[in-house]
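Enquirer: Build the full structure now, drawing on both the sequences and the hints.
Number of protein chains: 2
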Amino acid sequence: MGFEQGLFRFPEGVDSSQYIFATYYLETPLEPHQAAEILASEQSTGTWMRIKYETEERREKYGAKVVGVHPLPYDAGQCHLPTKVALNGKINAAVVRIGFPTINFSPNLTNLLSTVVGEAYELESFTALKLLDIELPPSFTQHFNGPKFGIDGLRHILDIRDRPLIGAIIKPCVGLSPEETAELAYQGAKGGLDFIKDDELLADAAYNPVKERVKVITAALKRADEEKGEKTIYAFNITDRPSRLRELHDIVVENGGGCIMVNVAALGYESLSELSAFAEVPIFAHRVFASAYLRSPYLGMSLEVLNKLWRLGGADMILIGAIGGKVYGSDAEVVASARACNQGFPHLKRSLPASSGGQWAGKLAGNVAAFGHVDFLHLSGGGVFAHPMGAEAGARSLRQAWDAYRQDIPLEEYAREHPELRAALEHFGG
Amino acid sequence: MGFEQGLFRFPEGVDSSQYIFATYYLETPLEPHQAAEILASEQSTGTWMRIKYETEERREKYGAKVVGVHPLPYDAGQCHLPTKVALNGKINAAVVRIGFPTINFSPNLTNLLSTVVGEAYELESFTALKLLDIELPPSFTQHFNGPKFGIDGLRHILDIRDRPLIGAIIKPCVGLSPEETAELAYQGAKGGLDFIKDDELLADAAYNPVKERVKVITAALKRADEEKGEKTIYAFNITDRPSRLRELHDIVVENGGGCIMVNVAALGYESLSELSAFAEVPIFAHRVFASAYLRSPYLGMSLEVLNKLWRLGGADMILIGAIGGKVYGSDAEVVASARACNQGFPHLKRSLPASSGGQWAGKLAGNVAAFGHVDFLHLSGGGVFAHPMGAEAGARSLRQAWDAYRQDIPLEEYAREHPELRAALEHFGG
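So the sequence lines, in the order shown, correspond to chains L and H.
Its first residue numbered 1, the first sequence is counted upward by one per residue in the numbering used here.
Its first residue numbered 1, the second sequence is counted upward by one per residue in the numbering used here.
Errors might be hidden in some of the hints.
[Stated by the list, open to error] With beta-carbon atoms standing in for the labels, derived distance ranges:
no.	chain 1	residue 1	chain 2	residue 2	range
1	H	GLY153	L	PRO138	43 to 49 Å
2	L	GLY153	H	ASP152	51 to 57 Å
3	H	LYS211	L	GLY153	36 to 42 Å
[Said to hold, decoys possible] Cross-link-like lysine to aspartate or glutamate pairs, in silico, DMTMM-like; alpha carbons within 20 Å at most:
no.	chain 1	residue 1	chain 2	residue 2
4	H	LYS90	H	GLU124
5	L	LYS61	L	ASP15
6	L	LYS148	L	ASP159
7	L	LYS231	L	GLU333
8	H	LYS61	L	ASP15
9	L	LYS326	H	GLU179
10	L	LYS349	L	ASP162
11	H	LYS84	L	ASP331
12	H	LYS148	H	ASP133
13	H	LYS84	L	GLU333
14	H	LYS211	H	GLU247
15	H	LYS148	H	ASP250
16	L	LYS326	H	GLU124
17	H	LYS61	L	GLU179
18	H	LYS326	L	GLU31
19	H	LYS215	H	GLU226
20	L	LYS211	L	GLU254
21	H	LYS222	H	GLU135
22	H	LYS215	H	ASP159
23	L	LYS222	L	ASP159
24	H	LYS211	H	GLU180
25	L	LYS349	L	GLU124
26	H	LYS228	H	GLU183
27	L	LYS84	H	ASP331
28	L	LYS84	H	GLU333
29	H	LYS211	H	GLU254
30	L	LYS148	L	ASP375
31	L	LYS148	L	ASP250
32	H	LYS211	H	GLU179
33	L	LYS61	H	GLU180
34	H	LYS222	H	GLU247
35	L	LYS231	L	GLU124
36	H	LYS326	L	GLU333
37	L	LYS61	H	GLU179
38	L	LYS228	L	ASP403
39	L	LYS215	L	ASP250
No lab work stands behind these hints: they were computed from the structure.
Bear in mind that the values here come from a model prediction, so they are computed numbers and not experimental data.
Cβ coordinates follow ideal geometry from the N, Cα and C atoms, glycine included.
Expert: Structure representation (structure tokens):
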């Protein structure tokens with residue numbers, strides 16, 4: 001397959017308003033420009049042979065275009081993905097940019113994924129292929145409404161202006177009855193949580209159905225709200241078959257629930273868009289399962305891409321990993337991906353990134369420092385519900401950690417007169 | 001976190017009718033049994049701290065169980081996934097088996113994925129985690145109907161008993177009008193194709209909408225069927241937002257279409273189940289996007305798992321890669337994954353595996369030899385539509401290749417009196 005000069009051009013050479021641009025890292029035994037051409041061809045007109053009706057004019061209009069090839073140094077000679085191709089000791093690395101004509105597919109996330117995270121991942125001539133970034137023109141994004149509430153909407157609902165949202169995930173996540181879940185939620189809310197959510201593993205289970213859960217938790221939170229004079233919202237996990245989303249959404253809303261959650265990657269990205277089109281409450285987007293294609297630097301896509309697409313799809317909150325937590329990503333990566341929840345798309349509201357995984361009171365200041373702002377949700381699990389003095393104290397320890405931070409008082413000092421924080425430091429800080 | 005003896009038991013120790021068993025390959029700086037416990041805990045009761053209500057009884061009932069730990073030799077000392085954990089030069093490898101109580105989730109593929117391909121992929125203490133296999137008890141599989149047609153149904157529709165199904169994908173896949181697509185389909189059908197399908201990149205596009213395509217292609221195939229005295233079915237790609245699947249399915253069926261296709265991984269697995277519940281024609285399941293979590297040996301899931309789940313979900317045909325083709329998997333892997341389209345689940349019909357990627361007449365015999373039987377779909381693209389004598393001749397070359405194989409005549413010899421096969425050998429065999 002020859003390298004076709006006519007298809008190789010720079011961004012200035014295409015009408016960028018009619019293209020989606022995807023940036024990939026790739027490794028290949030081929031020359032980088034040749035690999036880029038194969039990628040563009042495979043994901044548009046593509047087969048391994050030139051065929052009837054595939055005129056130059058057609059290729060110009062419908063073919064994906066290579067708009068950038070940046071060879072990178074690559075010394076390791078290491079093959080990062082299985083291949084049948086003889087490598088002969090030579091592997092090249094490059095960052096390439098491909099433009100996909102928007103005319104090729106209808107504007108939904110399913111077809112977008114088919115195109116940009118497509119079959120090229122299977123080609124034996126790539127020994128690494130990672131989608132790093134995606135740029136979407138207004139002609140595509142205009143079909144998406146993005147978050148209905150977003151950061152500002154959530155702040156408005158909760159009446160919180162100047163601090164991170166403090167939240168927790170109910171643990172243990174399996175085996176609790178609705179009443180026990182409500183009791184834990186009440187304690188956490190009473191202690192000062194702004195946000196509580198189901199775990200991603202508990203959905204509409206027979207032993208704890210959504211309907212029962214909403215009823216008792218809504219009543220419990222109402223009681224806590226009145227007692228503390230603040231508001232707490234609870235995200236009910238309605239992940240299920242796509243056609244049940246509306247039914248479960250309606251059950252939540254009709255019974256007074258204030259928020260829903262879905263495992264977007266397991267469900268399908270476009271189900272998020274469809275849900276957000278009718279959702280009356282904010283949506284928390286969980287990324288469970290996505291890690292299977294996010295974590296490798298050599299395959300799949302970056303979390304930045306996922307965050308952009310889920311914001312388009314209407315996620316009000318997006319789980320992005322943890323600052324200083326037990327998940328794999330470095331703080332720098334987490335911060336970069338948090339930015340992708342908000343950058344670009346000026347017609348869309350901003351999604352709130354959620355930092356979760358091994359979080360507790362002692363981690364809050366580090367989160368603020370890493371993000372450089374307070375537009376995030378700090379989400380604990382055991383950090384609240386495994387607090388030695390109970391869940392209410394666990395929640396309180398987090399609010400105390402914020403108060404200490406705001407007043408610029410070292411945590412240890414503040415803890416002297418705040419027993420919940422002190423217990424957290426002793427219990428989790430060891 | 002200590003190693004809790006009580007949770008560690010062998011398969012004989014749990015009621016296997018109430019558990020889903022998942023088998024993983026993992027790499028970890030921890031001891032394998034400890035890593036297995038973390039995996040089980042994270043994907044069930046899970047957090048990093050023991051908490052209220054998490055009684056022994058609850059853990060017994062709802063907790064995932066480690067039912068096997070098989071340490072493996074691991075000498076490379078290499079870290080295959082990013083982590084923040086200090087490895088100190090030591091990484092252990094193991095195959096572990098975890099049992100998940102079916103009581104924890106409602107029987108659908110979305111929630112199954114959330115559980116078995118879950119957050120454990122993110123944990124910094126795993127430097128590899130690959131789901132190799134999954135065993136599903138009747139208490140779970142009884143909720144799934146599997147393929148409506150399957151291999152036997154497809155053979156009945158096409159009246160083919162004793163040979164592989166011969167198919168082709170229309171190429172180029174973007175830019176053709178419905179009429180041009182129909183003309184190519186007619187030629188291929190006339191030449192003897194049993195099956196033709198849209199490419200995964202062409203769905204309900206504005207320049208070639210499904211409705212127009214079905215009308216003209218159905219008419220073209222009817223003409224071809226009458227002329228050749230055989231039947232050809234065409235799989236229309238109806239991949240779109242989940243809520244449009246029924247509309248597009250109905251458009252296909254009402255206009256005489258005989259088959260549909262969906263990009264299951266991009267759409268969401270459970271959308272396949274929902275589609276199959278009402279589908280009146282066979283479903284071709286395309287795996288585009290899935291390669292992002294299939295290809296790495298260190299992350300994600302195996303193709304066997306995907307094939308099992310898609311069979312449950314109702315896929316009549318499943319794209320599994322290629323024997324001797326341009327995609328990454330070895331022939332042995334492709335054959336193993338083909339088996340997963342049919343093994344187990346005696347109450348379900350069998351899915352037909354499709355071998356696709358760089359296929360043409362010269363590859364057919366190798367496919368039969370590798371599979372060891374003829375229960376597969378041999379799927380070309382350029383091998384038909386880039387044939388130098390045209391698509392009809394391309395199709396004919398494949399039927400000739402089968403005739404030669406059946407009569408045990410070497411291809412080159414048979415080609416002497418069969419110009420279409422001869423041209424294929426000259427053009428593609430170089």
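Enquirer: State for each hint whether it applies.
Expert: Each hint tested on the structure:
The hinted window of 43 to 49 Å between GLY153/H and PRO138/L holds, with their beta carbons roughly 46 Å apart. Take GLY153/L and ASP152/H: their Cβ atoms lie about 54 Å apart, and the range 51 to 57 Å holds. The hint said 36 to 42 Å for the Cβ distance between LYS211/H and GLY153/L, and at roughly 39 Å that hint holds. Proximity of LYS90/H to GLU124/H is assessed by CA-CA distance (about 15 Å); at most 20 Å being required, the pair is judged to hold.
Restraint check for LYS61/L and ASP15/L: the C-alpha separation of about 11 Å stays at or below 20 Å, so the hint holds. For the proposed pair LYS148/L and ASP159/L, the alpha carbon gap of about 17 Å is at most 20 Å, so the pair holds. Simply put, LYS231/L and GLU333/L have alpha-carbon atoms about 32 Å apart, too far for the 20 Å limit, and the pair is violated. Restraint check for LYS61/H and ASP15/L: the C-alpha separation of about 59 Å exceeds 20 Å, so the hint is violated.
A threshold of 20 Å between alpha carbons decides the hint, and for LYS326/L with GLU179/H the separation of about 56 Å lies outside it, so the pair is violated. Pair hint LYS349/L plus ASP162/L holds up; C-alpha atoms about 18 Å apart against a cutoff of 20 Å. The hinted pair formed by LYS84/H and ASP331/L meets the criterion: a straight-line CA distance of about 10 Å does not exceed 20 Å. A distance of roughly 24 Å separates the Cα atoms of LYS148/H and ASP133/H; the hinted pair therefore is violated under the 20 Å criterion.
For the suggested pair LYS84/H and GLU333/L, the alpha carbons sit about 12 Å apart, so the restraint of at most 20 Å is met. The straight-line distance between the Cα atoms of LYS211/H and GLU247/H is roughly 10 Å, inside the 20 Å bound, and the hint therefore holds. Taken as a hint, the LYS148/H and ASP250/H pair is honoured in the structure, with Cα atoms around 17 Å apart against an allowance of 20 Å. Distance hint between LYS326/L and GLU124/H is fulfilled; the C-alpha atoms sit about 6 Å from each other, no more than 20 Å.
Using a Cα cut-off of 20 Å, the hinted pair LYS61/H and GLU179/L holds, with the two alpha carbons roughly 18 Å apart. The suggested pairing of LYS326/H with GLU31/L holds, with an alpha-carbon distance near 18 Å, which does not exceed 20 Å. The suggested pairing of LYS215/H with GLU226/H holds, with an alpha-carbon distance near 17 Å, which does not exceed 20 Å. Between LYS211/L and GLU254/L, the direct Cα distance comes to roughly 10 Å. Compliance with the 20 Å bound is thereby established for this hinted pair.
At most 20 Å may separate the alpha-carbon atoms for a hinted pair to count; LYS222/H and GLU135/H exceed this at roughly 43 Å. For the given pair, LYS215/H sits about 24 Å from ASP159/H by alpha-carbon distance, which is inconsistent with the 20 Å threshold. At most 20 Å may separate the alpha-carbon atoms for a hinted pair to count; LYS222/L and ASP159/L meet this at roughly 16 Å. In summary, the hint linking LYS211/H to GLU180/H is supported, as the alpha carbons are separated by about 15 Å, within the 20 Å threshold.
For the given pair, LYS349/L sits about 41 Å from GLU124/L by alpha-carbon distance, which is inconsistent with the 20 Å threshold. Taken as a hint, the LYS228/H and GLU183/H pair is honoured in the structure, with Cα atoms around 16 Å apart against an allowance of 20 Å. Distance hint between LYS84/L and ASP331/H is fulfilled; the C-alpha atoms sit about 10 Å from each other, no more than 20 Å. Simply put, LYS84/L and GLU333/H have alpha-carbon atoms about 12 Å apart, close enough for the 20 Å limit, and the pair holds.
Of the pairs offered as hints, the one joining LYS211/H and GLU254/H holds, with about 10 Å between alpha carbons and a cut-off of 20 Å not exceeded. Distance check on the hinted pair: LYS148/L and ASP375/L sit about 17 Å apart at the alpha-carbon level, within 20 Å; holds. With a C-alpha separation of about 17 Å, the suggested pair LYS148/L and ASP250/L falls inside the 20 Å cut-off, and the hint holds. In summary, the hint linking LYS211/H to GLU179/H is supported, as the alpha carbons are separated by about 12 Å, within the 20 Å threshold.
Straight-line distance between C-alpha atoms of LYS61/L and GLU180/H comes to about 16 Å, which keeps the hinted pair within the 20 Å bound. Pair hint LYS222/H plus GLU247/H does not hold up; C-alpha atoms about 23 Å apart against a cutoff of 20 Å. Our distance criterion of 20 Å between C-alpha atoms is broken by LYS231/L and GLU124/L, whose separation comes to about 55 Å. Straight-line distance between C-alpha atoms of LYS326/H and GLU333/L comes to about 34 Å, which puts the hinted pair past the 20 Å bound.
Of the pairs offered as hints, the one joining LYS61/L and GLU179/H holds, with about 18 Å between alpha carbons and a cut-off of 20 Å not exceeded. Distance restraint check for LYS228/L and ASP403/L: the Cα-Cα separation of roughly 17 Å lies within the 20 Å cut-off, and the hinted pair is therefore satisfied. Our distance criterion of 20 Å between C-alpha atoms is met by LYS215/L and ASP250/L, whose separation comes to about 13 Å.
In this structure, the earlier hints numbered 7, 8, 9, 12, 21, 22, 25, 34, 35 and 36 are contradicted, and the remaining ones agree with it.
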